[in-house]
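Heads up: the sequence lines are chains C and Z, in that order.
Counting in the numbering used here, the first sequence runs from 1 upward without gaps.
Counting in the numbering used here, the second sequence runs from 114 upward without gaps.
There's no promise every hint is true.
[Stated by the list, open to error] Incomplete in silico selection of chain C near chain Z, CB under 8 Å:
1) G41
2) K42
3) L44
4) L101
5) G106
[Stated by the list, open to error] In silico BS3-like pairs for lysine-lysine, Cα to Cα no more than 27 Å straight-line:
6) K1(C) - K177(Z)
7) K42(C) - K127(Z)
8) K1(C) - K154(Z)
9) K1(C) - K168(Z)
10) K1(C) - K179(Z)
11) K105(C) - K154(Z)
12) K42(C) - K154(Z)
13) K105(C) - K177(Z)
14) K133(Z) - K42(C)
15) K133(Z) - K179(Z)
16) K179(Z) - K127(Z)
17) K179(Z) - K105(C)
18) K154(Z) - K133(Z)
19) K177(Z) - K42(C)
20) K42(C) - K179(Z)
These are calculated hints, taken from the structure and not from any lab test.
Since this is a predicted model, take the numbers as computed values, not measurements.
For every residue, glycine included, the Cβ atom is placed at its ideal position computed from N, Cα and C.
So you can see what is in the structure, the chains are spelled out below.
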Amino acid sequence: KQEVTQIPAALSVPEGENLVLNCSFTDSAIYNLQWFRQDPGKGLTSLLLIQSSQREQTSGRLNASLDKSSGRSTLYIAASQPGDSATYLCAVKTGGGADGLTFGKGTHLIIQP
Amino acid sequence: GAVVSQHPSWVICKSGTSVKIECRSLDFQATTMFWYRQFPKQSLMLMATSNEGSKATYEQGVEKDKFLINHASLTLSTLTVTSAHPEDSSFYICSARPPGSRTEAFFGQGTRLTVV
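Working from the sequences, and respecting the hints, build out all of it.
Here's what the structure looks like:
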């Protein structure tokens, strides 16, 4: 059974810092990996999607890497801003068919102004 | 991007009553929708996969007679929590996948259910 772990569980840093969020998964036979953002009481916003054949994806100040063989992914946030404060979720899709996602518990991020 | 609308965003109900949550894909037809549940400080857990025109597929440990799923059209799936108990209080969220797509799923806003 696939399990996804995110470290740290919570992080508070001053504005402007670069930071790294970590995600690990137990079954390396994944189809893809996604990073989401969740704001309190709200739905999910997809940030980056990495296919199993890819090593990284970039969008603006966000960069996500994937090392499938070691079961790890990192989300790098450059020049953090207070608006980046949210919970960041890592999710993997294990099968190539109509399978749902397996989520980690998330990293609760606070960017101090 | 694709939009998935979930309604209601929050609901409070009495123990023993039933609650229906709707999930709509607004600008695409979704043959497959997914229902997740999230307890406080826990990860989102897949409850069931909803397939248009056929029975839903439930994850292990999820009672199909308690969580009724209906996917009668290509744009609407509903989740009915029957005979709700306080332990059913949770955040329920749906996602939909456009036909032909096996990658990104689009999520609704979620529904906060409180059973009193």
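Right, here's what the structure says about each hint:
1. Taking 8 Å as the C-beta contact cut-off toward chain Z, the hint placing G41(C) at the interface holds, the least distance being around 6 Å.
2. Using the Cβ-Cβ criterion of 8 Å, the hint placing K42(C) at the interface with chain Z is satisfied: the shortest such distance is roughly 6 Å.
3. The restraint placing L44(C) at the interface with chain Z holds, with a minimum CB-CB distance near 4 Å, inside the 8 Å limit.
4. With a cut of 8 Å, the hint placing L101(C) at the interface with chain Z holds, because the nearest CB-to-CB distance is about 7 Å.
5. Interface hint at G106(C): satisfied, since its Cβ lies 7 Å from the closest Cβ of chain Z, which is below the 8 Å cut-off.
6. With a C-alpha separation of about 21 Å, the suggested pairing of K1(C) with K177(Z) holds against the 27 Å cut-off.
7. Taking the CA atoms of K42(C) and K127(Z), the gap is near 23 Å; set against the 27 Å cutoff, the hint holds.
8. Of the supplied pair hints, the one linking K1(C) and K154(Z) holds, its CA atoms being roughly 21 Å apart against a limit of 27 Å.
9. Between K1(C) and K168(Z) the CA atoms are separated by roughly 24 Å; this keeps the pair inside 27 Å, and the hint holds.
10. Pair hint K1(C) plus K179(Z) holds up; C-alpha atoms about 25 Å apart against a cutoff of 27 Å.
11. Restraint check for K105(C) and K154(Z): satisfied, since their Cα atoms lie roughly 7 Å apart, inside the 27 Å limit.
12. Annotation: proposed proximity of K42(C) to K154(Z) holds, straight-line Cα distance about 15 Å (limit 27 Å).
13. For the proposed pair K105(C) and K177(Z), the alpha carbon gap of about 25 Å is at most 27 Å, so the pair holds.
14. Between K133(Z) and K42(C) the alpha-carbon distance is near 19 Å, which keeps this suggested pair within the 27 Å criterion.
15. With a C-alpha separation of about 12 Å, the suggested pairing of K133(Z) with K179(Z) holds against the 27 Å cut-off.
16. Between K179(Z) and K127(Z) the CA atoms are separated by roughly 16 Å; this keeps the pair inside 27 Å, and the hint holds.
17. With a C-alpha separation of about 25 Å, the suggested pairing of K179(Z) with K105(C) holds against the 27 Å cut-off.
18. Our distance criterion of 27 Å between C-alpha atoms is met by K154(Z) and K133(Z), whose separation comes to about 24 Å.
19. Simply put, K177(Z) and K42(C) have alpha-carbon atoms about 26 Å apart, close enough for the 27 Å limit, and the pair holds.
20. With a C-alpha separation of about 25 Å, the suggested pair K42(C) and K179(Z) falls inside the 27 Å cut-off, and the hint holds.
In terms of the numbered hints stated before, the structure departs from none.
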